[in-house]
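Peer 1: From just these sequences and the hints, can you work out the full model?
As you go down the protein sequences, you meet chains C and X in turn.
What the first sequence shows, in my numbering, is residues -13 to 162, in sequence order.
What the second sequence shows, in my numbering, is residues 19 to 121, in sequence order.
No lab work stands behind these hints, which were simulated from the structure alone.
Be aware that a few hints might be false.
[Said to hold, decoys possible] Simulated DEER-style distance windows between Cβ atoms:
| no. | chain 1 | residue 1 | chain 2 | residue 2 | range |
| --- | --- | --- | --- | --- | --- |
| 1 | C | 149 | X | 118 | 18 to 24 Å |
| 2 | X | 106 | C | 127 | 36 to 42 Å |
| 3 | C | 124 | X | 106 | 43 to 49 Å |
[What the hints assert, rightly or not] To be clear about the criterion: a stretch of chain X counts as covered by chain C if any three or more of its residues have a C-beta under 8 Å from a C-beta of chain C, and this derived list gives those stretches:
| no. | stretch |
| --- | --- |
| 4 | 28 to 34 |
| 5 | 39 to 50 |
| 6 | 55 to 69 |
| 7 | 74 to 82 |
| 8 | 91 to 102 |
Cβ atoms here follow ideal geometry from the backbone N, Cα and C, with glycine treated the same way.
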Amino acid sequence: MGNPILFLILAVIAVGSALGMLLSRNAIYSALFLVLNFVTIAVFYLVLNAPFIAMVQITVYAGAIMVLFLFVIMLLGAERLGGVGAVRDWEWATAALLGAVLVLVFILEMVLGKGVGGTETAVFVDSSPTALGLRLFEAYVFPFELTGVLLLIAMIGVVVLGRTKKRGKHVQHSNN
Amino acid sequence: MFSTVTIDWYVALSVLLFTIGAMGVLMRRNAIIIFMSVEMMLNSANLAFVAFARHLGDLDGQVLTFFVITVAAAEVAVGLALIVTIFRTKHSISIDELNVLKG
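Peer 2: See below:
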C-alpha cells in the first residue's frame, strides 16, 4: 500500500494542512489549507489504486466545493469573523481534552487489539473507471438514481433559499 | 514493523484527520469554518473507505466513497445557501449569535 517514506511525507502534509485550517485566523487561508488537504488525500487515493476517486476528489472537492466556499466567504466578507481568539478558554480545553481522548482510545485499541489485522489481499483489483462504472450500474443502480433525486432536491432548495423576496427592502427595515 | 505501509497506518491517519475536524467543530465560532471541518471529517472517513477497499481487494469501498462525495456536494450547496440566508437576516455567521430558539 505504498512506500513508507511517501506515506509519511504525505501524512505530514495532510495533518499539517488540517491543523493550518483549524488554526488560521483568516477564513480564506483556512479554505486554501483545506484545498491542500484535499489534494493530498487525492494523492493517497492514487497510491491506494483508486484513480477515478482521486480525480473525482480533485474536480468535485478541491474544485467545485472549495470554489463555492471561497465564493461565499468573499461574498459575505466573512474572512475574520469568529476567529480562534473568540473562543473561551474552557471551551478550548474541553475540545483539546475530547480530541486527546479520541486519539487515546484509538491508540489503546490499536495496541491492545493488535490493529486491524488480516493480511492484505494480494490480488490486483481492476479499479479502472470502467470497472467502477460497471459495479456502480450493476449493483448500485438504485442508490445511484437516488443521488440524482437528492441533487435535484438540493438544487431546488438552494434556489428557494437564495431567492431574494420582492419585499426584501421591507424585511431589512424591520430588522433595524 | 515500519518497513511496509499497512492498513493500520491509513486508519491512524484517518483518525487524526477526523479528530482535527471534530476539534474544528468544537473550537471555532465561524459557521463557514465549522462547515469546512465537517467536510474534513467526511474526507477522513473516505480515506478509510478507500484504504479498506484496497486492503480487502473489493471495489465497494470506492463506490461508497463516490456516494459520499456526491452527498457532500449537495450538502455543501444547501448549507452555504443557509449560511448566506442567515447572514442576510442577522448580519453575522457567528454561531454564538444564533440563539433565537433559546428558551
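Peer 1: Confirm or reject each hint.
Peer 2: Consistency of the hints with the structure:
{"no.": "1", "hint": "149/C / 118/X: 18 to 24 Å", "in the structure": "21 Å, holds"}
{"no.": "2", "hint": "106/X / 127/C: 36 to 42 Å", "in the structure": "40 Å, holds"}
{"no.": "3", "hint": "124/C / 106/X: 43 to 49 Å", "in the structure": "46 Å, holds"}
{"no.": "4", "hint": "28 to 34", "in the structure": "holds (count 6)"}
{"no.": "5", "hint": "39 to 50", "in the structure": "holds (count 11)"}
{"no.": "6", "hint": "55 to 69", "in the structure": "holds (count 8)"}
{"no.": "7", "hint": "74 to 82", "in the structure": "holds (count 7)"}
{"no.": "8", "hint": "91 to 102", "in the structure": "holds (count 11)"}
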